[in-house]
Amino acid sequence: MSQVSGRPSMSVLQALAAHSRWRGWEIALFAALALSWFVLPEHALLANEIALLALFAVSLDLILGYAGIVSLGHAAFFGVGAYAAALFAKHVMPDPLVGLVFAVAVASLLGLLTSALILRGSDLTRLMVTLGVASLLYELANRLDQWTGGADGLQGVTMAPLLGRFDWDLQGRTAYAYTLVVLLLALFACRRLVHSPFGVSLQALRDNRLRASAIGLSVNARLVAIYTIAGGIAGAAGALLAQTTGFASLDVLDFHRSADVLLVLVIGGTGYLYGGLLGAIAFKLLHDLIAAWTPQYWTFWIGLFLVVLVLVGRDRLLKPWTWRAAR
Amino acid sequence: MLTLLFDGIAYGMLLFVLAVGLAVTLGLMNFINLAHGAFAMAGGYATVLLMDRAGVPFLATLPIAFALAAGAGALLERTLYRPMYGKPHLDQVLFSIGLVFMAVAAVDYLIGSQQQIVKLPAFLSGRFDLAAVGIGKYRLFIIVLCALLTVALQLVLSRTRFGSRLRAAVDDPRVASGLGINVNRVFLLTFAVGSGLAGLGGALGAEVLGLDPTFPLKFMIYFLIVVSVGGTSTITGPLLAALLLGIADVLGKYYAPKLGAFIVYTLMIVILLWRPQGLFVRKGAR
Numbered sequence: 483m484s485q486v487s488g489r490p491s492m493s494v495l496q497a498l499a500a501h502s503r504w505r506g507w508e509i510a511l512f513a514a515l516a517l518s519w520f521v522l523p524e525h526a527l528l529a530n531e532i533a534l535l536a537l538f539a540v541s542l543d544l545i546l547g548y549a550g551i552v553s554l555g556h557a558a559f560f561g562v563g564a565y566a567a568a569l570f571a572k573h574v575m576p577d578p579l580v581g582l583v584f585a586v587a588v589a590s591l592l593g594l595l596t597s598a599l600i601l602r603g604s605d606l607t608r609l610m611v612t613l614g615v616a617s618l619l620y621e622l623a624n625r626l627d628q629w630t631g632g633a634d635g636l637q638g639v640t641m642a643p644l645l646g647r648f649d650w651d652l653q654g655r656t657a658y659a660y661t662l663v664v665l666l667l668a669l670f671a672c673r674r675l676v677h678s679p680f681g682v683s684l685q686a687l688r689d690n691r692l693r694a695s696a697i698g699l700s701v702n703a704r705l706v707a708i709y710t711i712a713g714g715i716a717g718a719a720g721a722l723l724a725q726t727t728g729f730a731s732l733d734v735l736d737f738h739r740s741a742d743v744l745l746v747l748v749i750g751g752t753g754y755l756y757g758g759l760l761g762a763i764a765f766k767l768l769h770d771l772i773a774a775w776t777p778q779y780w781t782f783w784i785g786l787f788l789v790v791l792v793l794v795g796r797d798r799l800l801k802p803w804t805w806r807a808a809r
Numbered sequence: 002m003l004t005l006l007f008d009g010i011a012y013g014m015l016l017f018v019l020a021v022g023l024a025v026t027l028g029l030m031n032f033i034n035l036a037h038g039a040f041a042m043a044g045g046y047a048t049v050l051l052m053d054r055a056g057v058p059f060l061a062t063l064p065i066a067f068a069l070a071a072g073a074g075a076l077l078e079r080t081l082y083r084p085m086y087g088k089p090h091l092d093q094v095l096f097s098i099g100l101v102f103m104a105v106a107a108v109d110y111l112i113g114s115q116q117q118i119v120k121l122p123a124f125l126s127g128r129f130d131l132a133a134v135g136i137g138k139y140r141l142f143i144i145v146l147c148a149l150l151t152v153a154l155q156l157v158l159s160r161t162r163f164g165s166r167l168r169a170a171v172d173d174p175r176v177a178s179g180l181g182i183n184v185n186r187v188f189l190l191t192f193a194v195g196s197g198l199a200g201l202g203g204a205l206g207a208e209v210l211g212l213d214p215t216f217p218l219k220f221m222i223y224f225l226i227v228v229s230v231g232g233t234s235t236i237t238g239p240l241l242a243a244l245l246l247g248i249a250d251v252l253g254k255y256y257a258p259k260l261g262a263f264i265v266y267t268l269m270i271v272i273l274l275w276r277p278q279g280l281f282v283r284k285g286a287r
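Those protein sequence lines, which keep their order, are chains A and B. Each residue of the first sequence is one higher than the last, beginning at 483 in this note's numbering. Each residue of the second sequence is one higher than the last, beginning at 2 in this note's numbering.
It is possible that part of the hints are untrue.
Counterexamples of contact, computed for chain B against chain A with all Cβ distances above 12 Å [stated by the list, open to error]: (1) Ala-61; (2) Thr-267; (3) Arg-276.
Distance condition first, Cα-Cα at most 25 Å in a straight line; then the derived DMTMM-like pairs of lysine to aspartate or glutamate [what the hints assert, rightly or not]: (4) B:Lys-88 - A:Asp-689; (5) B:Lys-254 - A:Asp-605; (6) B:Lys-88 - A:Asp-742; (7) A:Lys-766 - A:Glu-524; (8) A:Lys-766 - B:Asp-109; (9) B:Lys-219 - A:Asp-689; (10) B:Lys-254 - A:Asp-689.
Hints are computed from structural coordinates only; laboratory data are not their basis. Heads up, the beta-carbon is just placed ideally off N, CA and C, and yes, glycines get one too.
Take these sequences, add in the hints, and give me the full structure.
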């Protein structure tokens, strides 16, 4: 939330500038991310997964945490990005960066087209429509098996070396560097975005749409814009997955993806940009831990976690001493 | 063609019984309960296990399935759901998805992931022809039973004291409790009956829809479509939506099998674009 109200003597621009100043811990976070490439060489594959999941969750945060749109179908953009990147590499050219740009463009376009669907109705309508779009795309990918490989997945995607110089190694060092750079750039861009007047206006319409439109914000135009941007970023996450694993299957469009990313974001906390990042780290580590212990039934523990999380309150999970108070 | 229509109606009726409890909790009480399918699955498994392991006849398992699911619903409402009523929709979604995940994994662990088969009694299997329309006996049974349930529900909601109490409690819980209505008990009963109906639907539908641990996830979207498309004014809306969905799905599977669930999703999106609050909206509802 903006701090404008607390400092009435400041002008709006000054308040925004103060609000968007880099904090020490943010700089440390960015530095730690960049350093992780050097200190975690043997975990690059896992780190790569975490980084692209974080990117995916950050994009969901833009629409959920900042614009207040509940979506159960965010995998639609992830999946479209993944298939776009994989098909582009297979049929047009194998250069990863061009493929990434192409995938982002396709996913953004999808965001632009489907944004009309989320402008009307209640939370339930939005849940249903986003879920419906993702399910439609899942069915589509399943039917168009001559292009997507259907249930078997799209195999044999080979990527050209990154920037024409860096080969994809088996340890995932190149892949992680690639994903990490994209993640850092995206985080940086999103940070600029949410601290801009546009980002602040999004929070205004999240808190009260009627009031936001009453003070002259064009609510629908803003929602379309942020949905398109979020779609593009989710598409980038999907493209990174397809490019760094050389594989895309129906799994990228599955409902589980949408539910997982919602969960990741909620674990980390919504509406402060880094929730997706912290959530992704926690989620993947937990997943690896529980899956090693009980591989088949790990969804049970995830479910239990969700129920407890909501019962004690999402924003209080990390503060056990507040559980008993304020029920 | 008419045979297909008949099958579609049977399918739609089944969906209606499965979803009508959700129509009440989600539609009337405004609680996004994605875990509704878990109660249906409980009913389905109750029937299958009772028949397989205890040798209970099929018809006798139906009321047991209802009672078990209703009991589970009442228990969960009292312990877990009630604190959730006032929370934001996102919390409700997360909470109920969590319940679904737990139910899926628990059934997988306890019973196994294979598809369960319901052995129908002889007098319900097979089909006969009536004026060139092939009528499956079991389908007919479903239609008759579900139609009776629908009429009974409609009467309870519109004609009885309990129905008017429920409607009052839903419209404004504070005023209703001020009038001496025990809102908590009304909600508890309603939730239990809704879950019970889901359990009955699951028991009836195990043969038609298939039953395995992923049932709640697989059919979640169908229940939600019925409710969101049907609107929340009366139970007529969800009924029509369920019939529409059932017929569209059966016809689609027959005439355009390649399209699959495409038709259903497209239909839903188009209807929701046209009427975001569903086909039937109660005037003055919040």
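Unmet hints by their number, sorted upward, for this structure: Hint check: 2, 3, 5, 9 and 10 fail, others pass.
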